[in-house]
Amino acid sequence: MADYEDTQAGHGHGETRRDFLYLATGAFGAAGSAIALWPLIHQMSPARDTLALATTEVDLSPIEQGQSITVVWRGKPVFIRRRTEDEIKEAQAVELDDLPDPQTDAQRTKKPEWLIVVGVCTHLGCIPKGQATGDRKGDYGGWFCPCHGSHYDTSGRIRKGPAPENLPVPTYEFLSDDLVRIG
Amino acid sequence: MRRTVGALVAAFVLIGSSPALAAGEAAVPPSMKWTFDGLFGSFDRAALRRGFQVYTEVCSACHSLRLVHYRNLTEIGFSEDQVKAIAAEVEVTDGPDAEGEMFDRPGLPSDRFVSPFPNDNAARAANNGALPPDLSLVTKSRIGGPNYIHGLMVGYRDAPDDMEMSEGMEYNMYFPGHQIAMAAPLSDELVEYTDGTEATVPQMAKDVTNFLVWAAEPELEERKRMGVKVVLFLLLLTGMLFAVKRAVWSNVPH
Amino acid sequence: MTQPWMKNRLVQWVDYRLPMFSFMEKELIDYPTPRNLSYWWNFGSLAGIVLVIMIVTGIVLAMHYTPHVDYAFDSVERIMRDVNYGWLIRYIHTNGGSAFFIIVYIHIFRGLYYGSYKSPREILWILGVIILLCMMATAFMGYVLPWGQMSFWGATVITNLFSAVPIVGDIIVTWLWGGFTVDNPTLNRFYSLHYLMPFVIVGVVALHMISLHQHGSNNPLGIDAKGPQDKIPFHPYYTVKDMFGLCAFLTIFAGFVFFAPNFFGEPENYIPADPLVTPPHIVPEWYFLPYYAILRSITFDIWFLSAKLIGVVLMFGSILILFLVPWLDRSPVRSARYRPIYKQLFWVLVIDCLVLGWVGGNPPEGIFVVIGQIATLYYFAHFLVLLPLLSFIETPRPLPTSIAEPVLGGSGGPPAAAEQPMEKAQ
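Residue numbers (our numbering), protein chains in the order written: chain D, 1 to 183; chain Z, 1001 to 1254; chain A, 2001 to 2426.
So here's chain D without its partners, still in its complex pose:
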């Protein structure tokens, strides 16, 4: 016991060097363990086959004015609506101050005639009604989410109800007049 205390107190220089060795070993081991953990965490992220379905091309030619179609992109519905003149005017005329999530119609469309939005309610992920002709389109002529009562306008912007944001606009590109690539 006495010898042990002697070693502890008596050899200050060796102690510092040994402390450093202990610390360095501990840190090195901890870093290794943390890195080893990463594959276990990252395996839960989307796999390569899932990522491969990240873009979709859509032929727009069969869609009449006032009609909407739903296409599936990344497992989610995307609403493509060929808007009527009235719907475009209505969407452009709204005062930004009236919007919970202010965005102009021009910011949300590349061509005013075509509105392309992800058809997933920004509240809790339900699919709003308004695509089929008989559907309830809500108080603002766009879409209505039946889950918790959110109303979207003809630009897909939230106007009333619990949803915090506008329907998101996916990244898309017109490859030609009739062909759009989403994603």
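No lab work stands behind these hints: they were computed from the structure.
All values derive from a computational prediction rather than experimental measurement.
Don't be surprised by glycine CBs; every beta carbon is placed ideally from N, CA and C.
The reader is advised that the hints may include incorrect statements.
One side of the interface only, derived from the structure: several residues of chain A facing chain Z at Cβ under 7 Å [as the list claims (entries may be wrong)]:
(1) 2081
(2) 2174
(3) 2236
(4) 2241
(5) 2267
(6) 2270
For chain D, the structure is supplied; the task is to place chains Z and A on it using the hints.
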């Protein structure tokens, strides 16, 4: 604390049932007397077979019943030979054969009920965009269960004057929202029952509902028969344990 | 009192090497238990037994279930139709989930009423809250497995809650899903975790038991045992009482399993999941309805915080707040029997939770929004304002000097009261 137990139990029952209250604005379908209701409920085999006839001759034109197999029909009183004959009337796609081609063959008792459409999109395309739902679980998957299905069969009326109907839609009292894409499926004498029963709309509606309840819950009779025995056993055991408990505790003031 | 079988040579040989028999004797047979426990104390052991029932039926179901989006629904229906007694095992498992929550909620409210969370049982209480959280995660993931419409949309709504986390919300949700929506990878991992979690619960339950046996059960009077006259051995008194309670429970449970197996379920979940069709009215299982009501009660932003984020925080907060209860309640008296004001507030809280559940089951429109907001406000006020305040303003009624006093009519009583033949005083 003890006297509030009743209130607590009642409240849990209330919570459990409250989602059902949000059924929508449609009228509540009439509560029918069903033979399968109650603690000792069982199926009326003759009604099941008539209901099967209605399903086969009417509903199956649009609605699949994909969770039921032809072999199950022995449970509603058909003989093995009758089931073989019933199954053989349909064409089932099988294969690939030795040349790698798919081929059609007569159905076997081990086959599932053949669906009228190859897939949902084909079903939609043939029905103006509306999808006729699969009926295997329909009495379990609709609020109101058998009463709702029965109500739907007999609930077709002319639309009220102040109601604007969408194109191709029919008015039904008991359908949520009242606008249903399915035209009234039943009319008097639509089928000719093999057992001589008069095929009125209410009769067919009742029969086909019976059949669909069996299709959704084929275990119902076994479940209720076993349930009666299990509950009786447990009641007795609970009573005996109560006596044992009192005996054990009799010398402990508490 | 040494059990006769402890004298058996083989038992002694084993026990010398692995003290399982002396452990059982100490913790299950001789274990001194307050003599005055009411039937409200049955629910702890009952919960343990239901946990075992759930694990056994769950393992059996897993032998027939297929965790793939194309086959999950049909494999469950195959269990219901073709597997021998499959319908029975599945209905026990689904109704067992509801029964588990009813029992555990009663167990928790019993703890709140009799102050079972107070010193020296704070860690016991905290472990209990952890069990509740694990149960909720398990139940949520289990409900997804049949892959019906409510399974899918419930999973979508609940996992989307994490998108409320600032900045990294969407990354977390994508990671949870393993894709860009709830899909096959999600179903697979939920199945894996649903199988794992019950065993985590078993582990926490073991800690819960160790912590319980450290100081023994609380009791309806909420006072500490003064001596051996206040306690009786667990066996046979509480083993037989628990057996009786178990059978009474099983009788009611069998009533649901055999005669109303879908009473607690949603009809919508008998429709296969369809990612492109949202059911008109999404509701979680009944035992989540109060939290769901709290989640939806916030309809307005506060400063830079979105309504959604606040709702999510409050929802999780409504359970996390239970961790703090031992320190929010400063009153030295445990049992509500001797706390006239707390007793009333307790029942108001019970009603408040039931109201929240009722609101959660209804669409968030009109009057339900207002009722939900008031009930949410009250829920938090109960724990954060009323409970701490009460210890200053409430005058507790005088406590009995010992557990034995009210029953034996006098302080103390004979040391071996259990053996004394006396008239019943219930």
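We went through each hint and held it up to the structure:
no., hint, result
1, 2081, "holds, 6 Å"
2, 2174, "violated, 28 Å"
3, 2236, "holds, 5 Å"
4, 2241, "holds, 6 Å"
5, 2267, "holds, 5 Å"
6, 2270, "holds, 4 Å"
Checked against the numbered hints given earlier, the structure breaks only hint 2 and satisfies all the rest.
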